[in-house]
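**Student:** Sequence:
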Amino acid sequence: MTSGVTVMDECIDAFNEIKMGHQWQFIIYRLSDDLKSIVVEEKGPRRTSYDTFVERLREAEAKKQCRYAVFDVNYVQNDMEKKKLVFFAWSPDSAAIKQKMIYASSLKALKNKLRGIQVEVQCNDAEDLRHEEVIEKCKDKYQ
Numbered sequence: 001m002t003s004g005v006t007v008m009d010e011c012i013d014a015f016n017e018i019k020m021g022h023q024w025q026f027i028i029y030r031l032s033d034d035l036k037s038i039v040v041e042e043k044g045p046r047r048t049s050y051d052t053f054v055e056r057l058r059e060a061e062a063k064k065q066c067r068y069a070v071f072d073v074n075y076v077q078n079d080m081e082k083k084k085l086v087f088f089a090w091s092p093d094s095a096a097i098k099q100k101m102i103y104a105s106s107l108k109a110l111k112n113k114l115r116g117i118q119v120e121v122q123c124n125d126a127e128d129l130r131h132e133e134v135i136e137k138c139k140d141k142y143q
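Just so you know, we're using the UniProt record's numbering here: the sequence shown kicks off at 1 and counts up by one.
Misleading hints may appear alongside valid ones.
Stated by the list, open to error - Pairs of lysine to aspartate or glutamate, EDC-like flavour, derived with a Cα cap of 16 Å: (1) 83 / 140; (2) 139 / 59; (3) 43 / 72; (4) 100 / 125; (5) 100 / 33; (6) 111 / 9; (7) 84 / 140; (8) 36 / 9; (9) 82 / 136; (10) 83 / 9; (11) 108 / 120; (12) 113 / 34; (13) 139 / 120; (14) 43 / 13; (15) 43 / 17; (16) 43 / 59; (17) 98 / 34; (18) 82 / 132; (19) 113 / 9; (20) 63 / 132; (21) 100 / 61; (22) 113 / 10; (23) 82 / 140; (24) 64 / 33; (25) 83 / 72.
Derived by calculation from the structure, the hints in this document are not laboratory data. As the structure is a prediction and not an experimental result, all values here were calculated from the model.
Using the sequences and the hints given, assemble the complete structure.
**Tutor:** Structure, rendered in structure tokens:
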């Protein structure tokens, strides 16, 4: 099912900036106020902590809204430093039903535009956002 929501060029541009130039630590995407397009809500500067990123996502939860996001995750595996671009679909349990439906039906359209996502995480509560959980997904050899 598709929602007919348009992915704005700024979303792709910001993703390419994080993928190619590592200009940002994270990008948070949201639906426009008219619910017809996906736009960039925030770009986090390099070295922004994962905890700060989670706080930003949780701000949407307080508004009963969903978000998409990308975080440039750094981790160590087998004594080697690694990086992966992780895509988050943040759909908190408290979000309005209409929000959840539009975000779920627009997910594929956004992911298809963001070439180079290495790991995907579906998040519905704070537990799903735990840094340790995300690192484990990054280390998974099948990701």
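**Student:** For each hint, tell me whether it holds in the structure or not.
**Tutor:** Checked hints:
Simply put, residue 83 and residue 140 have alpha-carbon atoms about 13 Å apart, close enough for the 16 Å limit, and the pair holds. The suggested pairing of residue 139 with residue 59 is violated, with an alpha-carbon distance near 28 Å, which exceeds 16 Å. Proximity of residue 43 to residue 72 is assessed by CA-CA distance (about 12 Å); at most 16 Å being required, the pair is judged to hold. Annotation: proposed proximity of residue 100 to residue 125 holds, straight-line Cα distance about 13 Å (limit 16 Å).
Of the pairs offered as hints, the one joining residue 100 and residue 33 holds, with about 15 Å between alpha carbons and a cut-off of 16 Å not exceeded. Restraint check: the Cα-Cα separation between residue 111 and residue 9 comes to about 13 Å, which is no more than 16 Å; the hinted pair holds. Pair hint residue 84 plus residue 140 holds up; C-alpha atoms about 11 Å apart against a cutoff of 16 Å. Distance restraint check for residue 36 and residue 9: the Cα-Cα separation of roughly 14 Å lies within the 16 Å cut-off, and the hinted pair is therefore satisfied.
At roughly 13 Å between alpha-carbon atoms, residue 82 and residue 136 fall within 16 Å of each other, so this suggested pair holds. Proposed proximity of residue 83 and residue 9 is contradicted: the alpha carbons are some 25 Å apart, above 16 Å. Between residue 108 and residue 120, the direct Cα distance comes to roughly 12 Å. Compliance with the 16 Å bound is thereby established for this hinted pair. Only pairs whose Cα atoms come within 16 Å are accepted, and residue 113 paired with residue 34 is rejected, the gap being roughly 21 Å.
With a CA separation close to 13 Å, the supplied pair residue 139 and residue 120 stays within the 16 Å bound. Taking the CA atoms of residue 43 and residue 13, the gap is near 11 Å; set against the 16 Å cutoff, the hint holds. Annotation: proposed proximity of residue 43 to residue 17 holds, straight-line Cα distance about 10 Å (limit 16 Å). With a C-alpha separation of about 15 Å, the suggested pair residue 43 and residue 59 falls inside the 16 Å cut-off, and the hint holds.
Straight-line distance between C-alpha atoms of residue 98 and residue 34 comes to about 13 Å, which keeps the hinted pair within the 16 Å bound. Our distance criterion of 16 Å between C-alpha atoms is met by residue 82 and residue 132, whose separation comes to about 15 Å. The hinted pair formed by residue 113 and residue 9 meets the criterion: a straight-line CA distance of about 9 Å does not exceed 16 Å. Between residue 63 and residue 132 the alpha-carbon distance is near 26 Å, which puts this suggested pair outside the 16 Å criterion.
A distance of roughly 12 Å separates the Cα atoms of residue 100 and residue 61; the hinted pair therefore holds under the 16 Å criterion. The straight-line distance between the Cα atoms of residue 113 and residue 10 is roughly 11 Å, inside the 16 Å bound, and the hint therefore holds. Among the hinted pairs, residue 82 with residue 140 is consistent with the structure: their alpha-carbon atoms are about 13 Å apart, no more than 16 Å. About 14 Å separates the Cα atoms of residue 64 and residue 33, which keeps this hinted pair within 16 Å; it holds.
Distance check on the hinted pair: residue 83 and residue 72 sit about 7 Å apart at the alpha-carbon level, within 16 Å; holds.
Consistency note: the structure conflicts with the earlier hints numbered 2, 10, 12, 20.
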